[in-house]
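S.K.: As a plain string of letters, each chain reads:
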Amino acid sequence: MVSLALGFIVEQLGGRLHGSPDTVITGLAPLATAGRGDLSFLSHPRYISQLSTSQAACIIVAQAHAPNAIERGCCLVVDNPYLYWAGLTQLWRQHVLPDKASELIHSSAVVSKTAYIHPTARIGPLCVVEDGASIGAGTWLKSRVTVSSGCVIGENCILHAGVVIGADGFGFALDQGQWVKIEQFGGVRIGNEVEIGANTCVDRGAIEDTVIEDGVKLDNLIQIGHNVHIGKHTAMAGCVGVAGSARIGAHCTVGGGAVILGHLELADHVHVSAASVVSHSLLKPGTYSGVFPIDENAAWQKNAASLRQLNALRERIRRLENNFNTSGS
Amino acid sequence: MVSLALGFIVEQLGGRLHGSPDTVITGLAPLATAGRGDLSFLSHPRYISQLSTSQAACIIVAQAHAPNAIERGCCLVVDNPYLYWAGLTQLWRQHVLPDKASELIHSSAVVSKTAYIHPTARIGPLCVVEDGASIGAGTWLKSRVTVSSGCVIGENCILHAGVVIGADGFGFALDQGQWVKIEQFGGVRIGNEVEIGANTCVDRGAIEDTVIEDGVKLDNLIQIGHNVHIGKHTAMAGCVGVAGSARIGAHCTVGGGAVILGHLELADHVHVSAASVVSHSLLKPGTYSGVFPIDENAAWQKNAASLRQLNALRERIRRLENNFNTSGS
Amino acid sequence: MVSLALGFIVEQLGGRLHGSPDTVITGLAPLATAGRGDLSFLSHPRYISQLSTSQAACIIVAQAHAPNAIERGCCLVVDNPYLYWAGLTQLWRQHVLPDKASELIHSSAVVSKTAYIHPTARIGPLCVVEDGASIGAGTWLKSRVTVSSGCVIGENCILHAGVVIGADGFGFALDQGQWVKIEQFGGVRIGNEVEIGANTCVDRGAIEDTVIEDGVKLDNLIQIGHNVHIGKHTAMAGCVGVAGSARIGAHCTVGGGAVILGHLELADHVHVSAASVVSHSLLKPGTYSGVFPIDENAAWQKNAASLRQLNALRERIRRLENNFNTSGS
Numbered sequence: 001m002v003s004l005a006l007g008f009i010v011e012q013l014g015g016r017l018h019g020s021p022d023t024v025i026t027g028l029a030p031l032a033t034a035g036r037g038d039l040s041f042l043s044h045p046r047y048i049s050q051l052s053t054s055q056a057a058c059i060i061v062a063q064a065h066a067p068n069a070i071e072r073g074c075c076l077v078v079d080n081p082y083l084y085w086a087g088l089t090q091l092w093r094q095h096v097l098p099d100k101a102s103e104l105i106h107s108s109a110v111v112s113k114t115a116y117i118h119p120t121a122r123i124g125p126l127c128v129v130e131d132g133a134s135i136g137a138g139t140w141l142k143s144r145v146t147v148s149s150g151c152v153i154g155e156n157c158i159l160h161a162g163v164v165i166g167a168d169g170f171g172f173a174l175d176q177g178q179w180v181k182i183e184q185f186g187g188v189r190i191g192n193e194v195e196i197g198a199n200t201c202v203d204r205g206a207i208e209d210t211v212i213e214d215g216v217k218l219d220n221l222i223q224i225g226h227n228v229h230i231g232k233h234t235a236m237a238g239c240v241g242v243a244g245s246a247r248i249g250a251h252c253t254v255g256g257g258a259v260i261l262g263h264l265e266l267a268d269h270v271h272v273s274a275a276s277v278v279s280h281s282l283l284k285p286g287t288y289s290g291v292f293p294i295d296e297n298a299a300w301q302k303n304a305a306s307l308r309q310l311n312a313l314r315e316r317i318r319r320l321e322n323n324f325n326t327s328g329s
Numbered sequence: 001m002v003s004l005a006l007g008f009i010v011e012q013l014g015g016r017l018h019g020s021p022d023t024v025i026t027g028l029a030p031l032a033t034a035g036r037g038d039l040s041f042l043s044h045p046r047y048i049s050q051l052s053t054s055q056a057a058c059i060i061v062a063q064a065h066a067p068n069a070i071e072r073g074c075c076l077v078v079d080n081p082y083l084y085w086a087g088l089t090q091l092w093r094q095h096v097l098p099d100k101a102s103e104l105i106h107s108s109a110v111v112s113k114t115a116y117i118h119p120t121a122r123i124g125p126l127c128v129v130e131d132g133a134s135i136g137a138g139t140w141l142k143s144r145v146t147v148s149s150g151c152v153i154g155e156n157c158i159l160h161a162g163v164v165i166g167a168d169g170f171g172f173a174l175d176q177g178q179w180v181k182i183e184q185f186g187g188v189r190i191g192n193e194v195e196i197g198a199n200t201c202v203d204r205g206a207i208e209d210t211v212i213e214d215g216v217k218l219d220n221l222i223q224i225g226h227n228v229h230i231g232k233h234t235a236m237a238g239c240v241g242v243a244g245s246a247r248i249g250a251h252c253t254v255g256g257g258a259v260i261l262g263h264l265e266l267a268d269h270v271h272v273s274a275a276s277v278v279s280h281s282l283l284k285p286g287t288y289s290g291v292f293p294i295d296e297n298a299a300w301q302k303n304a305a306s307l308r309q310l311n312a313l314r315e316r317i318r319r320l321e322n323n324f325n326t327s328g329s
Numbered sequence: 001m002v003s004l005a006l007g008f009i010v011e012q013l014g015g016r017l018h019g020s021p022d023t024v025i026t027g028l029a030p031l032a033t034a035g036r037g038d039l040s041f042l043s044h045p046r047y048i049s050q051l052s053t054s055q056a057a058c059i060i061v062a063q064a065h066a067p068n069a070i071e072r073g074c075c076l077v078v079d080n081p082y083l084y085w086a087g088l089t090q091l092w093r094q095h096v097l098p099d100k101a102s103e104l105i106h107s108s109a110v111v112s113k114t115a116y117i118h119p120t121a122r123i124g125p126l127c128v129v130e131d132g133a134s135i136g137a138g139t140w141l142k143s144r145v146t147v148s149s150g151c152v153i154g155e156n157c158i159l160h161a162g163v164v165i166g167a168d169g170f171g172f173a174l175d176q177g178q179w180v181k182i183e184q185f186g187g188v189r190i191g192n193e194v195e196i197g198a199n200t201c202v203d204r205g206a207i208e209d210t211v212i213e214d215g216v217k218l219d220n221l222i223q224i225g226h227n228v229h230i231g232k233h234t235a236m237a238g239c240v241g242v243a244g245s246a247r248i249g250a251h252c253t254v255g256g257g258a259v260i261l262g263h264l265e266l267a268d269h270v271h272v273s274a275a276s277v278v279s280h281s282l283l284k285p286g287t288y289s290g291v292f293p294i295d296e297n298a299a300w301q302k303n304a305a306s307l308r309q310l311n312a313l314r315e316r317i318r319r320l321e322n323n324f325n326t327s328g329s
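In order, the protein sequence lines correspond to chains A, B and C.
Mapping of the first sequence onto the working numbering: position 272 corresponds to residue 272, and the numbering continues sequentially without gaps.
Mapping of the second sequence onto the working numbering: position 51 corresponds to residue 51, and the numbering continues sequentially without gaps.
Mapping of the third sequence onto the working numbering: position 13 corresponds to residue 13, and the numbering continues sequentially without gaps.
Read the hints as simulated data drawn from the structure, not as lab findings.
One or more of the hints may lead you astray.
As the list makes no split between identical chains, a pair holds if one copy fits it or if it spans any two.
[Said to hold, decoys possible] In the DSS-like style, the derived pairs of lysine-lysine whose C-alpha atoms are separated by at most 27 Å in a straight line are:
(1) 113 with 302
(2) 232 with 284
(3) 232 with 113
(4) 284 with 302
(5) 181 with 302
(6) 181 with 232
(7) 232 with 302
Isolated chain A (complex conformation) (with noise of 0.2 Å):
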């Protein structure tokens, strides 16, 4: 069990402590369920009324909130609680994790003997690291990933259980009604600090490379199309499609769901809302939506109906305006 004192916390992160630095924090836990002796965080304002009842027996709070939590007792305030937490974390898993240095990569695992894995990066079991494929410093294919063949990953990076990089991109042409395969030669490339979720696919590009670049942050069953292009720092929730040869800017957000077309380009700093179908560039900074909302089952009945022949409605808003204009005063 991890124990950890708040002077230590605050000497490896920072932070104004109100209360002693020889308390022993021996876990995390959200407000409304720590004990005495859990550490806890305000961040969203939705959770301050469970400030002044939480047992914890320290709550990182940011300033605004400050006044309140030194009443209740024991309190460390900072710039960005929820950052904080993040760090918070990742001291806390440096504690909790047991060292696995003795077999970086799994006996189970079956890696080419062209491959290329940097001598700190860890290959989980029934991993499949394929010829030429490449594996930088630090990183961690956790369990049932597939590199395959020429795939560069960078360092840093975290590939979840039953990720496959590297399929061939979906590429035919047709031949009389049949389809006559591309074969696909590009590669991946993934830059360092990347995190991709269980059973994600980033396929191969048809010649030229598929591109994912740093800090790219990628949720549990994705698709990414060949030849796709995301910038930096860009992040996906879990579900999302991305067809062939897109190209995403940096510090993008794309909801849950979503579906991007194919050839069309994202801006930075654009933001898809989760379940929308980006079928044309967005070349503009933004939030950009396209949900059907939902309804009661009888209600969204009649609407979707009324929906089909909303054409329709319009041309006869039209007539009534134009009769109602020569018809009028």
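Given the coordinates of chain A, work out where chains B and C should sit on it, guided by the hints.
M.R.: Frame of chain A, contents of chains B and C only:
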């Protein structure tokens, strides 16, 4: 090959048999294609027309269809033919499945020494069960399943190929445009009699656990985010995405491809139609939908274009109404 | 490194060469980035402007672009450049791929003794082929593929990493609010020349088989429910979900992220746009769409709110029309 006498089936599962208990059944088949050794069933009214011409040795029917079925020949009258059929398939399975008890944990599986595997659980080929994970009695991990460290699977569950339990939840804090990882210390707790489809992912919680209660059925390629809670006997069809911290009630159904956003709540007995997007809590039992109706492409294009001006159209209607009221009699 | 003379390529694939057959090609590349040893092609008119400046050793063009291409220098005139390119990539592959015949079944694969593997089939690392399954001539399971018991894969198929063939269909009967499993005894039958993308799942049938006919191409992360039938040469892009017992014709295309509900039928030559939801049978060839158009978030919000009152708006239009007709001339 399995062969069971009708008398034995009735002894095991009940029902009122019209015909000889000595009739031997050698297969299960739909009405239309059943042969002379097959047992079949009529459940959905749309197949009534197939009753009289079916070659089946015997047909399972509800009381309402008994007269017609008896006229045709051998039949088995039961309260709920579809439910009876379910029981029958399980009885059949017991006789068709060869005993594999010789190797409950496949030699190719990678199972941590600190994981608990109940003596009756079955771990298929190339599965990974990490440190401190727990697999309950009678549970079966089919093949290539990952159960990550500390995750708990109850009794009599089935996890199909490619399932990933306990990958990290998607948690990051922004630091000047870059994502800082929030380490995920929660686990996944899965109840009894839960079935999880191929390549479905259930993420571990951030601090507390992701919870799936007894009797839940998840189809293939579903994403369950961190800290989600799914109540008893809820079922979800393929390709559903559930974002973090959503709280879903018991006895719900979620249609294929639906998306449920994070930090919201679904009451018990809420039914979400396929491909609908749940963007706010649904606190009343009922059926909810939100799907753009499909149409011939040209018609859709016109209606979609008009939809982008719908609010303006509404304004024009209001103006017409005002004009009419002032100008009218 | 591969190097092929233009003369050899023409000999193998046809086409009318303007330039020296002795020119040696050492790579394939897009127009914009091709170097002096590369062969390139012009197919889509949007790239015509790149023709004159491309550094490629030779460019494959259609008859219509021959005059411009000849003016630039060496070119190969063919009927259909994109199709020719497909053939060229296959020719290239034959020369680039090292012979791996020494171990067609990877030692890490788990293959049942009762499975049939054609002597020319290739089973990659960490694949699972269960009892009674059958893998046809020339078929390649890339890595970490599961083919479940009794499933049949035809000839010259490619199954990419993480594919799951023959997990149980999602079949349950309700018994007083609880789900009772319907055992799935059907199989999966996959024809010849079928390609299936990474982490895609094809479920086994309930009693009869799920069927995928010759020449079908499925992209990544697709879900095919039990008892689905997909006709010849149909192609589906990533993240598509097809519910149980849907019957899809031949020569169809389904765009990425589309959802096809169960127990319905698509005629041959039906094309479904990306992210559309097919909720009823489409019995006429054609293109069908149903997607909420994406917009700036503020505009979308207003239109979505109005959409929830669309049926009421329609009623108001009708009333206006009535009023006008009675009050008007």
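S.K.: It remains to establish, for every hint, whether it holds in the given structure.
M.R.: Results of checking the hints against the structure:
{"no.": "1", "hint": "113 with 302", "verdict": "neither (62 Å within a copy, 57 Å between copies)"}
{"no.": "2", "hint": "232 with 284", "verdict": "within (17 Å within a copy, 42 Å between copies)"}
{"no.": "3", "hint": "232 with 113", "verdict": "neither (31 Å within a copy, 40 Å between copies)"}
{"no.": "4", "hint": "284 with 302", "verdict": "between (35 Å within a copy, 20 Å between copies)"}
{"no.": "5", "hint": "181 with 302", "verdict": "neither (45 Å within a copy, 35 Å between copies)"}
{"no.": "6", "hint": "181 with 232", "verdict": "between (32 Å within a copy, 15 Å between copies)"}
{"no.": "7", "hint": "232 with 302", "verdict": "neither (44 Å within a copy, 32 Å between copies)"}
Checked against the numbered hints above, the structure breaks hints 1, 3, 5, 7 and satisfies the rest.
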